[in-house]
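Q: Hints given; two lone chains; assemble the complex.
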Amino acid sequence: MSASPILSVEALRVAFRARRGAVTALRDVSFALQPGRTLALVGESGSGKSVTSLALLGLLPPNGRVTQGSARYRTRAGEALDLTQLSRRAFRGIRGREIAMIFQEPMSSLNPLFTIGDQIGEMLLLHEDFDAVARRRRVTEMLELVEIPAAASRLDSYPHELSGGMRQRVMIALALVCAPQLLIADEPTTALDVTVQAQILDLMRRLQREMGMSILFITHDMGVVAEMADDVAVMYAGAVVEQAGVTDLFAHPAHPYTRGLLASIPRPDRPEGVRLAAISGAVPPLSALPPGCVFAPRCGLAIPACETPVALREVLPGHRAACIRAEEALADA
Amino acid sequence: MLETTLAPAEATIPAAEPLLSIRHLSKRYATPGGIIHAVEDVSLDIPRGSITGLVGESGSGKTTLGRTLLRLVQPSAGSIRFGGTELTGLSEREMTAMRRRMQIIFQDPVASLNPRLKVETIIAEGLRAHRIGSRRERRDRVAALIEEVGLSPDQMRRFPHEFSGGQRQRIGIARALALEPEFIVADESVSALDVSIQAQILNLLLDLRERRNLTMLFIAHDLSVVDYLCDRIAVMYLGRVVEIGPARPLVRQPAHPYTRALLSAVPQPDPAATRQREVLEGSIPSPLDPPSGCVFRTRCPRALPACADAFPPPAAVGPERIAHCINL
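Residue numbers (this note's numbering), protein chains in the order written: chain Y, 1 to 333; chain P, 1 to 328.
Fair warning: there could be bad hints in the mix.
[What the hints assert, rightly or not] Here are the computed distance ranges between Cβ atoms for each label pair:
#1 P/Asp41 / Y/Thr190: 31 to 39 Å
#2 Y/Gly36 / P/Pro319: 44 to 52 Å
#3 P/Gln253 / Y/Gly281: 35 to 43 Å
#4 P/Leu328 / Y/Phe130: 49 to 57 Å
#5 Y/Ala11 / P/Pro319: 54 to 62 Å
#6 P/Gln253 / Y/Ser153: 36 to 44 Å
#7 P/Ser152 / Y/Arg65: 33 to 41 Å
#8 Y/Arg137 / P/Pro305: 36 to 44 Å
#9 Y/Arg270 / P/Val279: 20 to 28 Å
#10 P/Pro115 / Y/Glu314: 44 to 52 Å
#11 Y/Ala11 / P/Gln253: 45 to 53 Å
#12 Y/Thr75 / P/Ala272: 33 to 41 Å
#13 Y/Pro112 / P/Gly282: 20 to 28 Å
Hints listed in this document are in silico derivations from the structure and should not be mistaken for laboratory results. Ideal placement from N, C-alpha and C gives every residue a C-beta, glycine not left out.
Just chain P, with the same shape it has in the complex (with noise of 0.2 Å):
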């Protein structure tokens, strides 16, 4: 093992500049019941062109932080690196045009839409928003984009409700594509599809990496989903990155308790799989009242009393791989 306190900058750079850099981002808000640490001290580099997954249950704060790098929801705190640029300084409106370079997909991206616009309005509506080419361009490269995610041009003038689940994920990919962002958030994009369907937007994903060499966060709470796609993984649990790690090792060989409690109680396809399960007791603590020390320690197999002192700090425990753990 090396060294035990590395800063997270230091353990977790890979050697090409990062396309998105965030340091100590929290997100806190202030309720009647006190204050919500939805995400606390996180620290993360997404190399350009690669997809990194963000895995959590729910109440880990996965999806408000993929809301945080977007500034969709501001930060209480910490430091957003994008492209070079500082975002959190930035104001609503250079944000905006920022957001040309940043899209975001939603679990039914469709729902959250005006169900009387055409697919094609939908589709077209950063174009429009953002003044960019006439009428008839923008229809085409709407046509375009509605082939490249895998559906037919004589589909866009219809309504969203026409169409299926994977379908509207589609439309859902097509809109996120049409200003040619170099980095996209994939909230939950697949968990409501039925597998078949599933695993036909991951290899689009997956397709749409490669053509286009885009950099991706993909939020799920599926970890054998994630392991699929990504290339990278970080392990949230209450506001905390726990885990972070290239996808395959991380997998095969979880190094923190939470992580390996996840893995374990994800059941496989195999009714022969004789899996020692680590079942864990409990449900996540509210985020209103988190533990002190480590959050997963009431949760934990493993803790020790020195546990509730302090979040440990990222011991590396494998090459651009840390847990914040002290009894790895």
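Bound conformation, chain Y alone (with noise of 0.2 Å):
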């Protein structure tokens, strides 16, 4: 891996205060993104992976906050920042223009108010010196490269008058336009469908290789995380339980939870009339996470020994795993 990565996560510890105490979403949470790169953060709900976001964005709800741990990220002019320590003011300097997000529901994210060509705009506004015709050139620009049929008329539409895909590729249009160092996707495709899907994927893509952005991509879906990431930590009840490159994760699954999510997914080439492996239970709840290794209880590798806490460590080359079997499940693959 390259020395400079353009975020680096450590040890982050995100609680909130619930009414029976404290909660600790996130416990020591730690990954590091590369510049250019895409690093995937996949899990299922309670995993964590949309606190992570948040966290990293400083938008936490009021009842949460940040316990522990550094979020460092490399700005345009080189300078390095805690994110966990900006305040509110300092974030808006960097959230547009140096972060962008873009979320599950671009209706959420939209002000059904104001035509996309205003809300696009606004963001011009806020970081870039335009005046009102170039501002306009630029957004026009932006919706033909987030590949909007008619850009220039679509200038004027509200974003009800699009469909689900099309308001997606204003969201990315208004996330980029200021041309962004990161981008942070949370579930961005989990809404549509799945041939609009295929499309945003496919633009993504494009748009990193022609910007050289970075990304991570939060989401739940293996298939999105096979065919988007360079990197990947699968998270799982707050933590990140294993960390590899994408094709070594794929190839050599060394967390039993990676490899049962893994056998959870139908696949169309799966052989005839055998049954899904699918993970017992459930993932518990965060308020009364078991000691030790919080995936024991679901695990048909566990031991007594799973009841002491486990932290990543090297199990491959460049391949880490919270698992102190995690030999065994690599031999048995």
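A: What follows is the structure in structure tokens.
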């Protein structure tokens, strides 16, 4: 790995105040995103993948806060910023211009009362020094870039006049209009039909090639991970349990949870008449995590030693897993 | 290739008489903006003891079709025969009696129910409505159902919000099974679930089919899931069934250009997969104003001028398998 990641998250902890005391939603999450690459954070509900993205953007709800750790981001000017220490005000200069985001439901991020041209133009107004004519030209270019047909005439459309796929394209245009270095995409295609998802994934890949941004891609879908990611961090119940390059992760999954997740997916090439190997049970509530390895209660390989805490460690070159039996799992494959 | 002008009836009927047989079923809604063609001229057989998958994207009409089969939505035209009885002519009362034999499971079956009712009451609701058994018998029956779907009877007295998504789906299944129906429509029953939980529920449905010889219509947008669970698959696009046939051959060698595009769009959990993706342009047109002729032609990579003339007749593309396309 190159020496200078654009984003380096170290031992991040996030806690939420709840009615009955505090709940730790992220436990010592660490990962690094290299420039120009895509890192997928993959996990099921409650894994903490979305909390991670909100923490990085300073968008945690009022009852949540970072209690430990850091998230070092390298700005365009080469300055190192710890995102966990930024003031609300300082974040305003960062979001959009340095770090942009797209979410699952574009409708909730677009203002229904303003045309899409106005909304994208407002980003330019905030961050760039353009006159009205130049702004309009730049917005049209952005809509063309995200392949919205008849872009110039779409400028004056309202969000509700667009299909779901077109709205997500507008969101992407809005996110990228100030050419950010880092794009955080939280389940950007989950609400879309699969044929439209394919279009948006293609578009994101093309834009990354052309603009060179780094992407933190948050998803629950291992198929999307395989298609989009260079590197992968698998999350479970608030922690990263495995981390590897994408090819390595799919070829040699080392954590029993990753293996279970992959075995749960129905694939068209699976052998006839073989049942899917579902993971038994459910994710434990964050307020009642088991001691030691949190996956142990659902794990087929669990032994008494799994009741003591387990940390990520290298199990293959550049491949880390938080499991004391990872070598056996790998040999078993 | 066989005769291309087979009527759907002859082309799709398997040897044994199907439990459910629909012919030329349509559902149109009159709205201020015009007529919505939600389901258009669909013919389909569901053999007893089989699981038929109905797959399509949003706006395909799959949910409307599922509800029309149970007459939760009234059909505009066509026939629905269930176990030898024509359902379209039945009175509301006769239909209520018939619904003991036909049940539906929704995407989040518990969310639509009264959150103040205990799980036991929710599952027993159908039994009570049809005045089946004493209170005591109903309670025993619910306990047995709860166990059958993989929950524990000591959870009967809890409220729906105390359960996870997967457990709620199990509750919905238990509720649908309470009246011992022969036929179940499962509408996006696993779509909202995490993949590890989804596999549990799919396996539960397979167990139930074996144990109870259930017949099922499984509605989903995910072709991989449908392929895993179902014996037969019908692919819908903009109100029409465009291809139907046995699951494995249909998924391995899709015939209709839409089925091919749908399959090719599903991201596979394999970074090495160098698939030649057929990415469709645009999105599904409005059902208010569907294209003339073949409804898929506006997005079809193989469209011909003649595709605008008429919706293509069924063409046999394999054993018990048809596709509606003039350029296969």
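Q: Are there hints from earlier that the structure breaks, and if so, what are their numbers?
A: none
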